[in-house]
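Student: Given chain A, work out where chain B should sit, using these hints.
First to last, the sequence lines map onto chains A and B.
If you're matching positions, the first sequence starts at 1 in the working numbering and goes up one per residue.
If you're matching positions, the second sequence starts at 1001 in the working numbering and goes up one per residue.
Treat the hints as calculated values from the structure; they're not laboratory data.
Careful, some of the hints might be misleading.
Computed cross-link-like contacts, DSS-like style, restricted to lysine-lysine with a CA-CA straight-line distance of at most 25 Å [claimed, not checked]:
hint, chain 1, residue 1, chain 2, residue 2
1, A, Lys324, A, Lys265
2, B, Lys1545, A, Lys110
3, B, Lys1110, A, Lys545
4, A, Lys324, A, Lys287
5, B, Lys1255, B, Lys1265
6, A, Lys110, A, Lys265
The following label-pair restraints were derived from C-beta to C-beta distances [stated by the list, open to error]:
hint, chain 1, residue 1, chain 2, residue 2, range
7, A, Arg538, B, Glu1253, 48 to 56 Å
8, B, Ala1295, A, Thr501, 52 to 60 Å
9, B, Ala1430, A, Thr501, 52 to 60 Å
10, B, His1326, A, Ala520, 54 to 62 Å
11, B, Gly1328, A, Gly432, 22 to 30 Å
12, A, Leu309, B, Thr1526, 31 to 39 Å
13, B, Phe1519, A, Arg547, 34 to 42 Å
14, A, Thr124, B, Glu1514, 51 to 59 Å
15, A, Glu415, B, His1326, 20 to 28 Å
16, B, His1326, A, Leu309, 42 to 50 Å
Positions of the beta carbon are idealized from the N, C-alpha and C atoms, including for glycine.
Number of protein chains: 2
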Amino acid sequence: MGIKWTSLSSAITLVPLGGLGEIGRNMLAISCQEDIVVVDSGLMFPEQEMLGVDLVIPDISWLLERVERVRGIVLTHGHEDHIGALPYILPRLDVPVYGTALTLGLLRNKLRDHGLIESTELHTVQPGDVKSFGCFEVEWVHTTHSIPDACALAIRTPVGLIVHSGDFKVDTTPVQGEPPDLARLARLGDEGVLLLLSDSTNAEHDGTTPSERSVGDGLSPLFAGAGGRILMATFASNISRLQQAVNAAQACERKCFIVGRSMLKNVRVAEELGFLHAPAAMFVSPKEHESVPDAELAILCTGAQGEPLSALTRIAAGEHPMVKLHAGDTVIISANPIPGNEEAVHRTINNLYRHGARVFNSSRHRVHASGHASREELKLLLTLTRPKYFIPVHGEYRHLAVHAQLARSVGIPAENVLAVDNGVVVEVDASGVRRTDTRAPAGYVYVDGLSIEEADDVVFRDRRQLAQDGVVIVILTVERSTGAVVGGPELVSRGFLEDDTAHLFDEAGEHVLEVQSGFAPDADWTVRQAAIHEALSRFLYRRTKRRPLILPVVTEI
Amino acid sequence: MGIKWTSLSSAITLVPLGGLGEIGRNMLAISCQEDIVVVDSGLMFPEQEMLGVDLVIPDISWLLERVERVRGIVLTHGHEDHIGALPYILPRLDVPVYGTALTLGLLRNKLRDHGLIESTELHTVQPGDVKSFGCFEVEWVHTTHSIPDACALAIRTPVGLIVHSGDFKVDTTPVQGEPPDLARLARLGDEGVLLLLSDSTNAEHDGTTPSERSVGDGLSPLFAGAGGRILMATFASNISRLQQAVNAAQACERKCFIVGRSMLKNVRVAEELGFLHAPAAMFVSPKEHESVPDAELAILCTGAQGEPLSALTRIAAGEHPMVKLHAGDTVIISANPIPGNEEAVHRTINNLYRHGARVFNSSRHRVHASGHASREELKLLLTLTRPKYFIPVHGEYRHLAVHAQLARSVGIPAENVLAVDNGVVVEVDASGVRRTDTRAPAGYVYVDGLSIEEADDVVFRDRRQLAQDGVVIVILTVERSTGAVVGGPELVSRGFLEDDTAHLFDEAGEHVLEVQSGFAPDADWTVRQAAIHEALSRFLYRRTKRRPLILPVVTEI
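Just chain A, with the same shape it has in the complex (with noise of 0.2 Å):
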C-alpha cells in the first residue's frame, strides 16, 4: 500500500478493481485532478479454488487512501455484479451512490438487510441526467440489457470524453422500456470520444444477441402445453425474465407463486416503480398455492445455476420444505450456467428427469437470451462511438483479448487498444493510452462467514491442502520445567485414510519419538516441532503417497 499519488492534471487515471480479467466484481475507479468518480461496485461467486468462500469482493484500499477525493460511485445497472459489493463497501467507503430507479430500489433492499438504508445517499437518476463529480460529468445514457433501467455512461472529463457501456445489447423490442438510445450514442461519437470501455462477455459470440422478448416467444408454448405444474428458474434480479414468465402464465390463466425471500422483494420492488407489471390476483402466497390445481400454477424460483441452498437445487434433491415434484411437472432453467456451474446445473437437471419432470434448459430450448452484446452489436457501439482509444472490460482476460483484437478489426489503431488485468494502472490523454508502472492493491477480498478477509492466500492453502488429503495430527506432551516428553506421541487424522491408521500411526509415533531422542531436553520446540513435521511428511507419503496437513501440537503441563 506504499503507493503514492501525484495528481496528474493533464491525464485521466483509470483504476481497474475488478471485473477485468475475471467474472463479476465489476468496479472502475476513474481519477483526473483532484477527483475521483467510481463506476460500479459488484461481487462475484467464489471460484472452486476459493474454498469455503461465500463472496468475493474487490479491494478498495486503493480508494481509502485517497478517500477525501472520491466523489461519488455511479452505477449503470442493478445486476449482483455491479451493486453487490456495496455493503460491504459502504461502511468503510462513505460515498453518495447515483443510480437509476430500479437499480437503487433493487439496492435499498440490499442495504435495508445490512442496516446501512439510514446512513447511505442515494440519488435517482434517469436517462439523460448529468451530474458533476468535482471536475467529471456524468450522463445516464439509456440502453438494453437482462434488466430494466440500464445505462451507458457518458463522462466527461477535463481531458476528453469517456464512454463506458455498461452490459448492454442492441435489444431494439425490449421488454420492458425503449430500444437503447443509439442516437445520443452517435451524438456522443460525432463529439468526439476519446476512450471507450465496452461490455466483452460475448466478445466471442458471432452474430446478434436475441432479443429479450425471443424468451418469451419460447416460454409461451411451453406454459400452454403443459399438463402439470411449470416450475421455472431464474436469476432473482431478471426482473424482464420474470415480466415474461408473468405474461406467459397470464396467457394460459396460471397463477404464479413466488419461491424466495430475494425474488419475491425484488418483484415487490419492480412492480412498485413500474417496472414489472401483474394483476393484483396473480400471485399467491405460500398458502394459497396448495390448493391451486397442477395444471393452474407455476412456480418462479432461483437456482438456475445449481447453487447448493437455492429452490430449485433444493426441490430437485426432493428436499425443500414447501414445493415436492410431482410426475409430469414442466421444469425451465431460464439462464446459462456460470462457468464453473456447469455440474451443479447438471446435478440438478439429472435430478429432475429421476423424478419423471420435463426439463427446458437453455442448451436446446429458447429458454434464455443472453444479456451482452454479440460480436455485430460490439461492432456497431464501436462504429457509434468512433473512440479514438478503446479498452475492453467486463470478461475473463479470453473475451478482453478477443475484444480487443474486435477493434483493432473495425480500424482503431493496434496502439490505441489495450486489454489489462485488474490493479494495472491505465493513463489516458491526447497522446496515447498506456499502462503505468503502478498497480493498485486489486486481489480478491473474500466474504466468509461474518468476516470480510483481505486476500490472504495461506488459509486457502491450508484448506486446499486439508480437502485434498485431510489432516494428521501429533500431539507431545512435556513438561514445563524439564521439557521431558511425559505423553504421547499421540497421532489423530480426519480426511486422511478410511481404512485403519492403527498400525500405521503407531510406526508413525516411533518415528517421531526417534527425531525427538536426537534433540537434547531444552532444544527449541519450534526447532523440535519443524522436525516432527519433516520427518512425519516424509514418512507418510512414502507410505500413502498423500501429503496430509501434518500440524505438531506440544503441551506443557
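Tutor: Quick look at chain B alone, frame taken from chain A:
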C-alpha cells in the same frame, strides 16, 4: 453384499456397474444361465466434491461374489473411460480380456506400467470375429468413433440378440479405416434384436455430428497460416486427431514435437499397428525441437481439459520445463471441456492470451468434432436394428432420459424403454424388460494415492468440512490415574480464520473448561469429548458463523 444369486435360465440379467447417470467409468455385466460376460471397464475423473481423489473406478464386488462364472471382459474401444479401470480391477478379477488390435495396444501400455502384462490373458479380435463365453456369443461389429478400431457388439444369448453400440458416431468419411458397418447392423435388425443398448452422450444434440475429417479441414488453414509455432492440445488417446495434426503439419512442412509420455507411447503403438501414418523424419526429440525454427514446428501435447499437471496447463502458466510460450504462437485446443472442467480450461486460455498467444478452441473454431452420435444418428441406429427393448447407456441421467424419449418417438412402446441408474439390476426376456428389486453394489471406488478405497462418504464429508472452514483442535491433558485435567485446553487451528484467533480461543478454552467442570472426574471421556465438541461447535458458530471441523483430543499422561 448380501445379495444371493439365483440362476434364471429364462432371462438375461443386466447389471450396470458404471457409466449410467454419470460420465465415464463404463462397465456392464451381462449374465445368463451360468455365465457372465463384462462389457468394458473404464475409469472416470473425480467430480468437484470428490476431494483429493485421483481416479474413480467401478465397484466390482458383485462380480467378485460370482467370479467363477465370469467368462471374460469384452472391450469396445481403447478410450480411458472404457479400459482405464482394468489395471486396478484385473489383479482382483483375473479373467481373459478381448478387444481389437488398437484397443489392446493401448491397454498393454497401461498393463506394462502396472506390472500386469505377464499375468493378463489378452485376445485380439477383428471386426466380424465371434467369440464364445459360455452361453454367450459375442461378435465385434466395426463402427466409427474418435478413435480407430472401435466396435459395437452383437451379443447372442439363449434368450435373444443384444446389440451394444459402444461409443459411436456415423462417420462416413473417417480419417482412418472404413465407414461404420451399417449393413451388418441392418442384417442384425433383420434377424431380430431383442435389446439395444446405445450411446447417449449426444442425445441432446439435434442433427448429425460432423465427421472427424471436418477437423482436418479446420486445422489445415490454421497450421498453414500461422507465423510462429503451433501448439495443439488433445487427449493422448485421440489417435485420429493426432493423425490429422500430423497431416496438417506435413502439408506445411512442419516437424512435430510430442510432449508427454502417455501421448508418445500411444503414438508409437498406433504407428506400429498401422493406425497412424507419419514419415519417420516427422517427429523430433526434445533436444532437436529447440533448433527447429518456430514457423516449422508443431507441438502436440495433452492438457485440453485444463488438467493441473498437464503439459498445456504448465506451458500456459509459464512453468513447463521444456516448452516456453513465444509471442505469436498459435495454440489450438482440440477438445470440448468435459462438464466440470470449464473453469480450468478457461483459466488456461486466459493465461495463453496473457502471453500473447493466438488461441483457437472448440467453441468458436472448427478444431474439434465430437465422437458421439447426435439425434439423427441415434434414430438411424434405432431404425436399423429395430430392437424390441431399448436401454440408453453412456451418459448422465439427463442424457439417458432424453435418449429414452427419442426411442419412444421412433415407435418403441414406452413400456419397452428403460432408463436406469448404476446398480439397478435389469431383467430382459421375451415378455419384457424390467427393473428388479435387486441392487448390485455400484458405488464409487476411489483410487487415491496408493490405495483403492470402497465408497465411504465419511472421509469426503470430513474433507468437505475441512475445505469449507478448516479445523480446530482442542487438546486436554488428563492424569490417567485420577482423571484430573492437568493441561490445556489448548486450541490450535488451520484453515479457519486469518485474523488473530488468540482472544477467541481464550474464551473458547474457558468455555471448554466450564463444560468439563460439570463432569465427575471419572466420567467417560467419550461423553466428555462429545460435550466439548458440541459446546465448542455452538460457540464458534455463534461468534464466527463458521463450522470448522472440531477435533477434541484427550491425551493421558
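Student: Now look at each hint and say whether the structure bears it out.
Tutor: Now the hints, each set against the structure:
Between the alpha carbons of Lys324 (chain A) and Lys265 (chain A) the distance comes to roughly 23 Å, so the proposed pair stays at or under 25 Å and holds. Note on Lys1545 (chain B) and Lys110 (chain A): the hinted pairing holds, with a Cα-Cα distance of about 19 Å set against a maximum of 25 Å. For the suggested pair Lys1110 (chain B) and Lys545 (chain A), the alpha carbons sit about 20 Å apart, so the restraint of at most 25 Å is met. Among the hinted pairs, Lys324 (chain A) with Lys287 (chain A) is consistent with the structure: their alpha-carbon atoms are about 14 Å apart, no more than 25 Å.
Distance check on the hinted pair: Lys1255 (chain B) and Lys1265 (chain B) sit about 18 Å apart at the alpha-carbon level, within 25 Å; holds. Restraint check for Lys110 (chain A) and Lys265 (chain A): the C-alpha separation of about 10 Å stays at or below 25 Å, so the hint holds. Taken as a hint, the range 48 to 56 Å holds for the pair Arg538 (chain A) and Glu1253 (chain B), whose Cβ atoms sit roughly 51 Å apart. Remark: the range hint 52 to 60 Å for Ala1295 (chain B) to Thr501 (chain A) is upheld by a beta-carbon distance near 57 Å.
Our hint of 52 to 60 Å for Ala1430 (chain B) and Thr501 (chain A) holds, since their Cβ atoms are close to 53 Å apart. About 56 Å separates the C-beta atoms of His1326 (chain B) and Ala520 (chain A), a value consistent with the hinted range of 54 to 62 Å. For the pair Gly1328 (chain B) and Gly432 (chain A), the beta carbons lie near 24 Å from each other, so the given range of 22 to 30 Å is met. Distance hint for Leu309 (chain A) and Thr1526 (chain B): a CB-CB separation of about 33 Å, consistent with the stated range 31 to 39 Å.
A hinted range of 34 to 42 Å holds for the C-beta pair Phe1519 (chain B) and Arg547 (chain A), which are about 38 Å apart. For the pair Thr124 (chain A) and Glu1514 (chain B), the beta carbons lie near 53 Å from each other, so the given range of 51 to 59 Å is met. The hinted range of 20 to 28 Å is satisfied by Glu415 (chain A) and His1326 (chain B), whose Cβ atoms lie roughly 21 Å apart. Distance hint check for His1326 (chain B) and Leu309 (chain A): the Cβ-Cβ separation is about 47 Å, which falls inside the suggested range of 42 to 50 Å.
Of the numbered hints listed earlier, not one is contradicted by the structure.
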